[in-house]
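**Q** The lines below spell out each chain.
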Amino acid sequence: MKVLVAVKRVIDYNVKVRVKPDNTGVDLANVKMAMNPFCEIAVEEAVRLKEKGVATEIVVVSIGAKACQEQIRTALALGADRGIHIETDEEVQSLEAAKLLKAVVEKEEPKLVILGKQSIDTDNNQTGQMLAALTGMGQGTFASEVVVEGDKVNVTREVDGGLTTVALNLPAVVTTDLRLNEPRYASLPNIMKAKKKPLDGMTPADLGVELAPRLSTLKVEAPASRQAGVKVADVAELVDKLKNEAKVI
Amino acid sequence: MSILVIAEHDNSSLKQATLNVVAAAKAVGGDIDVLVAGENCGAVGEAAGKIEGVSKVLVADNAVYGHFLGENLGLLVADLGKGYSHIFAAAGTTGKDFMPRVAALLDVAQISDIVRVESEDTFVRPIYAGNAIATVKSSDSIKVVTVRPTGFDPVSGEGGSAAVEALDNVQDAGVSSFVSEQVAESDRPDLASAGIVISGGRGMQNGENFKMLEQVADLLGAAVGASRAAVDAGFVPNDMQVGQTGKIVAPQLYVAVGISGAIQHLAGMSDSKVIVAINKDEEAPIFQVADYGLVADLFEAVPQLEEELKKAL
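Chains as they are written, first to last, in my numbering: chain A, -5 to 243; chain B, 121 to 433.
Do not take every clue at face value.
[What the hints assert, rightly or not] The list that follows gives simulated cross-link-like pairs (lysine-lysine, BS3-like), each with its CA atoms no further than 27 angstroms apart:
#1 A:LYS235 - B:LYS146
#2 A:LYS225 - B:LYS431
#3 B:LYS393 - A:LYS10
#4 B:LYS393 - A:LYS241
#5 B:LYS331 - B:LYS257
[To be verified] So these bits of chain B aren't anywhere near chain A, every CB distance computed over 12 angstroms:
#6 MET121
#7 GLU172
#8 LEU287
#9 GLN325
#10 GLY366
Read the hints as simulated data drawn from the structure, not as lab findings.
Virtual Cβ for every residue (Gly too), placed ideally from N, Cα, C.
Looking at chain A on its own, in the form it has when it is part of the complex (with noise of 0.2 angstroms):
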């Protein structure tokens, strides 16, 4: 069975995000990028079933300037077997990104598409659920338990009440959530075997897609801060001031 896992390259989680001056975006210069951390759960899910014995071959795709190939090297590091880039300099929106995905699902034709939840650089949660609308198949977004059976995927979903498990059909798309798994970090063999392994080229209109955003971001603001209040002294006054003061209890 064939895996196809989508990884986005952004800003290191750790990384303080500041807003820069003029308010038209996050400032990303000479920041630490990273894969997202929702992309190496997916890489490390499609790595778990290479080890069962489930899938045969993961390919890993990704989208976006020259530099997002050190993401698919990191994936091909992990234990994906080869790399596709769509390369662009343009802003790819989760539209667009679902269309060039589906081409590559329609070149491809894995059984299995795995991809994180949502990016931590616009916290869209949306690009998977497009792919699996435009494609037919069946989702299950924010998954923590994958188990795949015969031609169906028992996908377990955290949702707001607790867990709910749904069965699809395959080809099917998978959304992983932060419990899926654990992921581990590539040995240094593993890196340099990386370098070796495939890695394909193509654009956006290789693939027959136009990039037409629909959205335009007409300013990015930082939150408007908290600040800090006062200390109280013992949990008497802390009561008497959420009674009396804040009035909320």
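Assemble chain B onto chain A, guided by the hints.
**A** Just chain B now, with coordinates in the frame of chain A:
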């Protein structure tokens, strides 16, 4: 303009988040219709008809919608939504599941998790885990939007008298089916809509100690939450998680106990009206956002809090 609001419910009762989403729709202006899709959900349709400011309620009552499968809801909402200028749903796990499908089927963008409406085509939403706030404008003819409920004060769920219309629109994608669910049972209010939330962090040391918080919560009629650190440590289940990767809450009172205040936690609760922090480390970042900070050992402070509340309430 005409807006289709998708009701959030569990087939028996309407979730409060729907009232927040209707409030967001009112901020856009125009006629507001509410879709209730589910199975044996007639009572929800009746309740939706009473929401203030709603023109019409559409009820799609069929087994294919019973478990809110995104594939089937996506087809239904995309089919109905063609006739509207806006489609709004709460940014809970159900809305986040089916709304991007709706947008893709209609070939429009989706705007996620809005906290403010600037105009009919311009919306404000947090990005980078709430570390930046973006204002985005859509050029699509249909705006597909998920709404963060805490961003909007709810409209009244009483006083409306909208017509309730049954729909005969059965959409079954045939690619997915429901297997089972594990619903967290609790007598306490729902975390996302509770007026008071008391949360524990890694400082709680184990799941057993959360009982102390539950006792205080029961005195206050509060919901109990947790930080990601407490969830990752296995103290409590993930559906209690407050934070960027868990639930976003904005209660009148938020009490953080043994929580250091990582950015990812603050992103989920910093819109609360009053924040109380109890932590023995006076350098903990949570104190920078707390209105009232108590530097104390929580194992002494929480039982005292319970006693003091019994006296004060």
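**Q** Hint by hint, say whether it matches the structure.
**A** Going through the hints against the structure:
With a CA separation close to 36 angstroms, the supplied pair LYS235 of chain A and LYS146 of chain B exceeds the 27 angstroms bound. Under the criterion of a C-alpha separation no larger than 27 angstroms, the hint pairing LYS225 of chain A with LYS431 of chain B is consistent with the structure, at around 22 angstroms. A threshold of 27 angstroms between alpha carbons decides the hint, and for LYS393 of chain B with LYS10 of chain A the separation of about 25 angstroms falls inside it, so the pair holds. Between the alpha carbons of LYS393 of chain B and LYS241 of chain A the distance comes to roughly 11 angstroms, so the proposed pair stays at or under 27 angstroms and holds.
For the hint linking LYS331 of chain B to LYS257 of chain B, the alpha-carbon distance of about 46 angstroms lies beyond 27 angstroms, and the restraint is violated. No beta-carbon of chain A comes within 12 angstroms of the beta-carbon of MET121 of chain B; the shortest separation is about 18 angstroms. For GLU172 of chain B, the requirement that its beta carbon stay farther than 12 angstroms from each beta carbon of chain A is met, with the minimum near 24 angstroms. Distance to chain A confirms LEU287 of chain B as a non-interface residue, since its nearest Cβ pair spans about 21 angstroms, more than 12 angstroms.
A cut-off of 12 angstroms between C-beta atoms confirms that GLN325 of chain B is not in contact with chain A; the least separation is 20 angstroms. At roughly 9 angstroms, the least C-beta separation between GLY366 of chain B and chain A is not larger than 12 angstroms, which violates its mark as non-interface.
Violated hints for the displayed structure, listed by number in ascending order: 1, 5, 10.
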